[in-house]
Amino acid sequence: MALLELQDIHTYYGHVHALKGISLQVEEGQIVALIGANGAGKTTTLRTISGLLRPRSGSIIFDGNPIHRMPAHRIVHLGLTHAPEGRQVFPTLTVQENLNMGAYTLGNDKEAIEENRRRVFKLFPRLEERKNQLGGTLSGGEQQMLSIGRALMSRPKLLMLDEPSLGLAPMLVKAIFETIREINRQGVTVLLVEQNARAALKLADYAYVLETGTIALEGPAGELLRDERVRKAYLGET
Amino acid sequence: MNRRVLAITVLVVMLVSMSVPMSVGAQEGEPILIGLQGPMTGDYAYEGQGFQKAVQLMVDLTNEQGGILGRPVELIVEDDAGDPTQAALVAERLVDAGVVAVIGAYNSTATEPASEVYHEAGILHITPSSTATRLTEKGFEQFFRVCFLDDRQGLFAVRFMDEVLGAERIGILHDNSTYAAGLAEWTRYYAEEAGLEVVFYDAINPEDQDFTPILTNIGEVNPDAVYFTGYHAQGGLLLRQTADLGLDIQWIMGNACNNPELIEIAGVDAAAGTFITTEPLPQDLDYPEAREFVELFEETYGEPLTSIWWLMAAEAFNVIRYAIEETGSTDTEVLADFLHNEFHDFPGLTGPIIGFDEKGDRLGTIHVAYIIDEDGNFVLYPEQPAAGEEEEAAPAEEEEAGEAEEAATEEESTAEEEEGG
Amino acid sequence: MEKFLQQLINGLTIGGFYALVALGYTMVYGVLKLINFAHGDMFMWGTLVGWALLAALVAPLAGMDLVAILITSVVVMGVIGAVGVTIERVAYRPLRKAGRLSPVISALGAAFVLEALARNATEARVKVYPQNLLENLPSIPLIGGVSLSGLQLLMLITCVLLMVGLYAFVQRTRIGTAMRAVSLDHDVSRLMGINVDQIITLVFFIGPALGGIGGVLVGLYYRSFDFTLGWIFGLKAFIAAILGGIGNIPGAVLGGFVLGIVETMATAYGGAGASAWKDAIAYILLIIILIARPTGILGETVAEKV
Amino acid sequence: MNVNSIATDKRQLSRLGYALLLILALALPFLGFMDRSKMSVAVLAGIYVILGLSLNIIVGYAGLFQLGHAAFYGLGAYTTAILSINYGVPVLLSIPIAALIAGIAAIIISKPILHLRGDYLCIVTIAFGEIFRIAAVNNIFGITGGSNGLFGTARPEFLLPWIEPIPLITLIAILIVYAITVRKSPLNVQLLGGAAIALAYYLPPLITGQEPLFVLSIVMGLLGLLVASMTHNFSYREAGALWGIAVVFALIMLIGGGNLAGAIDQGVRDTFKVGDPIEGPMGMTFVPVAFKRDPIPYYYLVLIFIIITLVGMLRLQDSRLGRAWLYVREDELAAEATGIDTTRVKLAAFAIGSAWAGVAGTLYASRFTVVSPDSFDFLQSVIIFCIVVLGGSGSIPGILVGTLGMVVLPELLRDVAPTFLIEGIGPFAILALILAFYIHSRRQHLTKAALEAGAIALAFIAPTLLTAQPSLYLAGIVAALVGVWIASELNRRDINPIPWLWGGAVIYIALLTLAGQGLAQSLSDGIHNFRITDWRDGLMGAAMVLMMILRPAGLIPERRRGIVFSAVAEVGEGESVSTPQLA
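Chains as they are written, first to last, in the numbering used here: chain V, 1 to 238; chain B, 239 to 659; chain W, 660 to 965; chain E, 966 to 1548.
If you're looking for bench data, these hints aren't it; they were derived computationally from the structure. Since we're looking at a predicted model, the values are computed, not measured. Note that beta-carbon positions come from the ideal geometry of N, C-alpha and C, so glycine has one too. Any given hint might turn out to be false.
Claimed, not checked - Calculated lysine-lysine pairs in the DSS-like style (CA-CA distance at most 27 Å, straight line):
{"no.": "1", "chain 1": "E", "residue 1": "Lys1257", "chain 2": "B", "residue 2": "Lys376"}
{"no.": "2", "chain 1": "W", "residue 1": "Lys692", "chain 2": "E", "residue 2": "Lys1076"}
{"no.": "3", "chain 1": "E", "residue 1": "Lys1238", "chain 2": "B", "residue 2": "Lys376"}
{"no.": "4", "chain 1": "B", "residue 1": "Lys597", "chain 2": "E", "residue 2": "Lys1238"}
{"no.": "5", "chain 1": "E", "residue 1": "Lys1257", "chain 2": "B", "residue 2": "Lys597"}
{"no.": "6", "chain 1": "V", "residue 1": "Lys20", "chain 2": "W", "residue 2": "Lys756"}
Claimed, not checked - Ranges between beta-carbon positions, derived for each pair:
{"no.": "7", "chain 1": "V", "residue 1": "Glu128", "chain 2": "W", "residue 2": "Gly824", "range": "27 to 35 Å"}
{"no.": "8", "chain 1": "V", "residue 1": "Ser59", "chain 2": "E", "residue 2": "Ile1404", "range": "24 to 32 Å"}
{"no.": "9", "chain 1": "W", "residue 1": "Ala741", "chain 2": "B", "residue 2": "Asp611", "range": "39 to 47 Å"}
{"no.": "10", "chain 1": "E", "residue 1": "Pro1242", "chain 2": "B", "residue 2": "Gly377", "range": "21 to 29 Å"}
{"no.": "11", "chain 1": "W", "residue 1": "Ala715", "chain 2": "B", "residue 2": "Pro526", "range": "39 to 47 Å"}
{"no.": "12", "chain 1": "E", "residue 1": "Asn1461", "chain 2": "W", "residue 2": "Gln857", "range": "22 to 30 Å"}
{"no.": "13", "chain 1": "W", "residue 1": "Ala715", "chain 2": "V", "residue 2": "Ser59", "range": "54 to 62 Å"}
{"no.": "14", "chain 1": "W", "residue 1": "Ala780", "chain 2": "E", "residue 2": "Leu996", "range": "48 to 56 Å"}
{"no.": "15", "chain 1": "W", "residue 1": "Phe828", "chain 2": "V", "residue 2": "Ser139", "range": "28 to 36 Å"}
{"no.": "16", "chain 1": "W", "residue 1": "Val749", "chain 2": "E", "residue 2": "Gly1483", "range": "50 to 58 Å"}
Build out the structure end to end from the sequences listed, making use of the hints.
See the structure below:
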């Protein structure tokens, strides 16, 4: 049984039919990538999974629980976190407070929080140096680290990352992807949305290609990387 | 499409639910309809509702005694909320209802537009409490008032401070309502005439709760007496905060503070020793009619008759009743003519009504000074300024006051209109 | 100098009241970006409920003024907090996604309802708090003839304590931090597992509860009130919140004191007529601040989009 | 983002609807149930329609907050009153001055604050409204008369040039329009028809020597014009019909004209104050005519202004400026990107809207002759704001409905006996509203909605029916509202509400039937002591909340004027629609 399973999900923004029947699966321990162009519905898919949007039909099963009707904050309790696009850290909260918010579901369990914090600081030593700075004063890369670190604070089973490489320098992109691999190695399943298709496919075990709200292609990442059509449309090759 | 259907449904429901009851209110026999217009809601609701209670009581008494000219009296009450726009609208309603005479409105702002309606419709109109000078200067022959213009009170206050208290440096404080500002202007005018020095003259904002800044200022100037012309709610706060600040100010307050709530708000200790210039309180009126009525009021409604204006409203009704009975007519022209020319020395609830002058203003004056005693009661102050000349030569005095009035109006444009209550 | 000091005390007292009410505005605005027009009327309801309770408690608890006041305050906090939560549920929550105009109308509607209820409950008359409460508090003599009355001191201390408590709660606790997070971004807060609706409910409890306490204090201090109190006080408090930088708790407190002192000083030194213009002075101050520094005195200069 | 993709506004009421409304409006004073006081309400409502339309420019078109509109309305009213009282300026002449002053004030005030975020703008406009009121109360510059305001604004007056040239000019005008209308017909037919109109027009006054009959003649002239223009092919037959009408009319006039003329003359003199004629140049005579208290002339005056406003607004809406407002309202950044000077556009909305509120102020001052600060306080601003928003921001029919609800209904409610309202028709109106909105909001599942609504209705009606206590309707209203709330909560949680609702209804009915008597008695007492005017603000507030919850866009919302900055704007998320296609 897959950790996360979407069955024929339809999501609307008002009258705009954004997702037209998405079905996908994320197996435990995998890194799964969602790739596609702008507007294909990648972010919408993540927002639907994490409960920020409610699908009009279809089902989402996470870890055996149906979550398609669950409010977002309860989904987090089940162990599914979502680091949103655009490094949305809380700008006027300090780094430490940002991380504490990530551990909100742990309640007042000081020990667990402390332990998770240590793990995050190990992954991102830069954050420890800046733990009393305001989130908004960090650089782009640091904010991305904070966003990922915050999502890890509740020790999720599944981490969803939305465009972690967006707007970062190539050097930093590489470092972030390294870290994602490291996170996965520590036992966290990752669902990754990326525009940078090549890097994503290299990192992932399995991938889905989204196109105008439907899944156009899917397969093991290695295969997709070699797929003629994918190379043409998304990897900029002719 | 559906929306439109819905909207239309709603509209139809609204229209149906408001159009049906229009026909309610059929009449029996041939009652004499008297209109009462006043603020039943809004800021002055207290006064307006008092009007209604007092006049209704009078109407009931009249009907018990067989009505007027053998016809029952019916009171039609309309609420103008003290607002000129609504006042004009409800005046039209009273005209449409076919009233013989109207009592109201409370404040001059509302009375003005209403008086135009009644004038054009030819309906007798008596205001119990609107004291703006302008109201009777339009030459409406069917418009009267049973209250007094406020220059008289200003003159009285000055005499009291001058002759009784022996004050030399006085302060005047109003609340910017036209009534209070007008009274303050008159007081200043007469004070300067009497040779008193006005060392403090300012206004408060009646919507405030906190008057400590201005009280501190008054304390600095330290006048012999300060005359406050505004309303009792603020008056009470002023007294309270004077005590809280530990200031020693001799307060004198105008007739709008003639209300037991003043003492409640201020607390007895803070209120004691304050003077009030006012028409005599109902219980101090030496007229059996007045006392009887005040007692009956308390008996009927379980609350004391606290406002002089309620008594004035009942007074207005009595004047109308008397005029109809004496003339045997409900014709406005006849009634107005009677009130102007033949109506003299009527035993009123608020003292004898000497008569009305050609403008429709009530002749004479009745102001006295009260003091709040240690137990929190209004007590007629034993010493009053020499009153003689005023009562003897009331009509002449009136003319004199009229001249003074003009003079003051020229000097102080703000004193043009005054408002009762 | 004496006069100045006395006026300063006067200003501080009234400023403290503004600050207490401003806190509720600033918190609600922080989390919902909504001007809660009903807040001033909830404050007035605090005065009203406090009046009714005290009137009932004074006799059985004769001689124990402070106990009566304490009980009253706690009950008023609960009642007004519950009113706040109810209003949020009924009038604001269904409109969370309905654009900018609708919540404003709804808030005004709620304010009208509260005011009409209060007007009818008080028969549109001035109501007076029980006599002789806290009469024997000593007043504290300062230099010259100036003194700080015991009541004033009590008010100031209560105001400051409540504000410090609130600030500590928001800054130090987990729930408080969650509140700040929600005020920054609802969706991201949800992704942290924060139950945003619950936090909003909490805000709509705390803000009105503080306003309710403020109402009781105002009632105790001025001894009388009527139903129109809420609107004026509410508007002033909102101005105070903007002065300090809306959404900012220390800002609201600072704004309240600044407004109180400016008003008082303007009245004291503005010459004749200034008292009557007091409210206008507050509004003009508001406009100047908004033109010169739209984020208020303590507001962050984070640009916010239209 | 294709800016040209804006569809033209689909008028919410068709032309026919507007025409019917206009006819109704014109005929209103002659309807049987309209007495003077109701006409006065109609005049007031008309002024509020103008105010609503003027605020609609600011709120509806440009999407700006304005909760201080009453200040500009008041500015206009005070301007007129001051000019009239102190300088004797005729009120109709002061209209442009009032508009100008209100407009200039709007520009001065709004310019520095227009860039502010919506709710800041809202609070600043409130502040400005209050400053205006305080200034008026404080008798600023000694010209506003303090809190009592100013008394004695003159009524509208004008000089009527009442001699032969006027009928002649009118006739010529009618004939010219007639000639244009029938210009495709043969010349002799045209002449024949024209002669008929002229005959019907001129003959009766000429023969009887009764000048007032010209008033009727104007009607006849217009009627002739209507007959002529109704047909595409104007022929001898139509011309003959005109002659028939003319002759019959002339005959009737000859027989009864004298009396009629007298009646018309009397009617004019009753309604207007007609002064002594003044000799003018070129042998013309002017008759000074002034309005009296009578509401009917005011009604038509206001109606004329409403029509002017409507026409002006519809034209503005389709103008360049109107489109610019639309862009600014929908997406200010995008509008700026397309080269629109957003500040100027918003300023224009403020200035035009406020100036027009000033005009409404003039009408107010001349109608009520008293201006006082209380008439232009915050409550007024809220009422005007609600007229615009409750009806549906940006929607003209919405404003008419909003005015009915906010101004007309409260006045009419004065007549309603509370007992009757609460025990008689009121509950059913409320129930109908609740159910209509309820079913409307659940349109997708009509049967289910009907079943749920049925339970709510049962809880509403049954106790009263069983106990024969009408006052229990009051409890029924509460039950119905609770029912709606429960249903919506359960629906939201995907729990079938039908068994709960029916179960609840039955228990509720049982309880009320058992214990209803006492409750009914106390409710009934409450109703008898109920004074609706005490609760007007509260009811208004409740209506505002309810309306916003049920229909956030207003009762008759403006149909989106077709501006969709494509799906991008709504989807957001930085995703765009350009999608590479897989081969």
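Here's how the hints hold up against the structure:
no., hint, in the structure
1, Lys1257(E) <-> Lys376(B), "holds (16 Å)"
2, Lys692(W) <-> Lys1076(E), "holds (24 Å)"
3, Lys1238(E) <-> Lys376(B), "holds (17 Å)"
4, Lys597(B) <-> Lys1238(E), "holds (24 Å)"
5, Lys1257(E) <-> Lys597(B), "holds (23 Å)"
6, Lys20(V) <-> Lys756(W), "holds (24 Å)"
7, Glu128(V) <-> Gly824(W): 27 to 35 Å, "holds (32 Å)"
8, Ser59(V) <-> Ile1404(E): 24 to 32 Å, "holds (30 Å)"
9, Ala741(W) <-> Asp611(B): 39 to 47 Å, "holds (45 Å)"
10, Pro1242(E) <-> Gly377(B): 21 to 29 Å, "holds (25 Å)"
11, Ala715(W) <-> Pro526(B): 39 to 47 Å, "holds (41 Å)"
12, Asn1461(E) <-> Gln857(W): 22 to 30 Å, "holds (26 Å)"
13, Ala715(W) <-> Ser59(V): 54 to 62 Å, "holds (57 Å)"
14, Ala780(W) <-> Leu996(E): 48 to 56 Å, "violated (41 Å)"
15, Phe828(W) <-> Ser139(V): 28 to 36 Å, "holds (32 Å)"
16, Val749(W) <-> Gly1483(E): 50 to 58 Å, "violated (28 Å)"
Violated hints, listed in ascending order, are 14, 16; each of the other numbered hints is respected by the structure.
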